[in-house]
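Protein chains in written order, with the numbering used here: chain A, 188 to 460; chain B, 188 to 460; chain C, 188 to 460.
Take the hints with a grain of salt, since some may be wrong.
[Unchecked claim] Output of the computed footprint for chain B on chain C, the stretches with three or more beta carbons under 8 Å from beta carbons of chain B: (1) 208-216; (2) 279-290; (3) 345-357.
[To be verified] From the derived model, a few chain C residues whose C-beta atoms are all more than 10 Å from chain A: (4) M188; (5) G190; (6) A221; (7) Y261; (8) A269; (9) L336; (10) D365; (11) G380; (12) P401; (13) E452.
None of these hints come from the bench; they were simulated from the model. We put the CB at the ideal spot given by N, CA and C, even for glycine.
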Amino acid sequence: MLGTCIENVRKTVPLVHNITNYVTVNDVANILLACGGSPIMSDEPEDVEDITGICGGLNINIGTLNKSSIEAMYRAGRRANALGHVVLLDPVGAGASALRTDTAAGLMKEIRFTAVRGNISEIRTLALGSGTTKGVDADAADAVTEETLDAAAGFAKQMAGNTGSLIAITGAIDLVADAEKCYVIRNGRPEMGKITGTGCQLSGMMTAFLVANPDAQLEAAAAAVCAMGLAGEIGWSRMQEGEGNATYRNRIIDAICHMDGETLEKGARYELR
Amino acid sequence: MLGTCIENVRKTVPLVHNITNYVTVNDVANILLACGGSPIMSDEPEDVEDITGICGGLNINIGTLNKSSIEAMYRAGRRANALGHVVLLDPVGAGASALRTDTAAGLMKEIRFTAVRGNISEIRTLALGSGTTKGVDADAADAVTEETLDAAAGFAKQMAGNTGSLIAITGAIDLVADAEKCYVIRNGRPEMGKITGTGCQLSGMMTAFLVANPDAQLEAAAAAVCAMGLAGEIGWSRMQEGEGNATYRNRIIDAICHMDGETLEKGARYELR
Amino acid sequence: MLGTCIENVRKTVPLVHNITNYVTVNDVANILLACGGSPIMSDEPEDVEDITGICGGLNINIGTLNKSSIEAMYRAGRRANALGHVVLLDPVGAGASALRTDTAAGLMKEIRFTAVRGNISEIRTLALGSGTTKGVDADAADAVTEETLDAAAGFAKQMAGNTGSLIAITGAIDLVADAEKCYVIRNGRPEMGKITGTGCQLSGMMTAFLVANPDAQLEAAAAAVCAMGLAGEIGWSRMQEGEGNATYRNRIIDAICHMDGETLEKGARYELR
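Bound-form chain A, shown alone (with noise of 0.2 Å):
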């Protein structure tokens, strides 16, 4: 079932449209490649709703917004909902500054999200930001571990179901959840940690994954999860002596060119609660 997500995205070549912060967005571009998807980025007010209408999902990440990407985000986020296309938040610091979590709530309030990820302090905020989640389980503000995991997928789900989005946790444990059910996926490296932009690249790829499986959409956020993690794991395999984060880089985009469905079904390690 998830192997056909990743190959869904190759068949249908979606083409995704990112307001995406300016550290990362030459890897998001790479891994959009990688996994069968296209990329546009444009973040003008006066461009967006163009751009947005002429591509099949808008991936929205506040990692370095301003006065100007700001607009954008909420005009192209409300073309995409008046066309029906998928669109995805990632809320990059939501919670370490007031114009982070107060954008990623305000969108929320106004844009119709089909996914939100984030991590679980991004994620936390935005739940207590947007008044939806405010009796939040405390053990859901701490990391995802075995210890907290019922109570963090509990959390998952009832957001998703309080918002109307898919919701994805990153994370040593990485949680997609609807409201009825939760995918708990333990694919990944510690290591992913130090490189830049791993959960950026995993946002625009979520995004295609989404638009190429519209009858599937639960599962195809779960898949490009795995797909991430599990390129983490192959990427680390190809490590070589004197190798690090740099390199760790490109081979995990690397792994996701040559990842298809057969590997990503047969590497994915998930539960669903």
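Once you have looked at the hints, place chains B and C on chain A.
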């Protein structure tokens, strides 16, 4: 002849001012260094005239244009024209949005470009948008193939004549034309399309080649196209098992870094039409 | 002693706020992760004070400055000063345009910098522009060579005394000075000049070293310079046939990723003047 063009870049180390997109800018800078040039990036309207003034050439790429950078493009372009500098336009996404089409067309009207480099769709949009080639053969709208080659070469020459700019149309087969002659170039690999920014990199490098070869502008532009395609071939020949588009990107720039005149002369595959 | 400085970075994982150019920002983020720090990028004036507040250090790089980011530099700089944080200035292109020179000089007047790192031309421009060292020895204007070394070291110490900032002048020979002492550093490879952004990377890394070593600021700055040069040597020793500047870039960051205190201690080549 083409080999001399890259040698002249290495001898004269042309300084190139790039107003370019933030997606591929790092690769543009590194390929400019690899071929023997020297890159400077600046897109603030109040900064660009000074920066253009100290450079030999200006590379304008509208890939992530915004209101401020558009103003910078006009200001830098006018200054470069006043100084008699090489100016190149890469109309990324012309045809994909009104702002991109209008910006590219507006720049074409107001700035004298030494060369314009894009894919067939972008160049065709410019040809129509600028009103210079309204009767363009419909075949030229398609991908350049062996079947459409004569029509496409004719279109490129006609547009070069109408605009006074060298026209470089890159794809599976590349064309580089002035009003009289058209280089038909068959270097390159299809896998280059899986890397973001090979076109942007070529535009940066072509600007350096044009600056370094004032008396052989058409040959310089063609040499840059051959060099990029040949680097794609050399880089591909060095790919190891499991490597994908991220590593391929590095191997292409590495190949430019090692390319001398003799390698380019021997590896360039072209004919004149 | 210098070895301890990198170990302190790995122990304390300093969070560094970077207002930096979009050309080399990804490499800056990855080298900060490689050395044990943690990067955040933000250049929106309304965001930077919050972000600086949660960080230990601020790295200001004017490489692709614009009106908005210039305002952000001042706001973040003032906040960092108020909080007693480390602040570093990388005056990219000072002397190349009026806006760059004025911005760097203006920042020097209004913000107290812990350190300023640039090439000799940029630093000399700042010295003159800020009016602190009008009589600077003309020899210091040239590249730092064995012949001009004493004059250059004297200039660096004088400027450090006048500005109250550590002064790091990098080139074939690197200088890192406070008012009393000047480290003369001979690590590095000439091929590093063919990679875009080794200077920007060093500035980011130096900020992390300064944050992690509050009681040994001069040594921390010198250690960062030695680490970068040594990584250039180690990375170069690992280059394989056909590899060029794109791969070299990765190998340098990889070398930082693996560098421990002992390696740095043994590999650092410096004297005090």
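Run through the hints listed earlier and report the numbers of any the structure violates, in increasing order. 3 and 6
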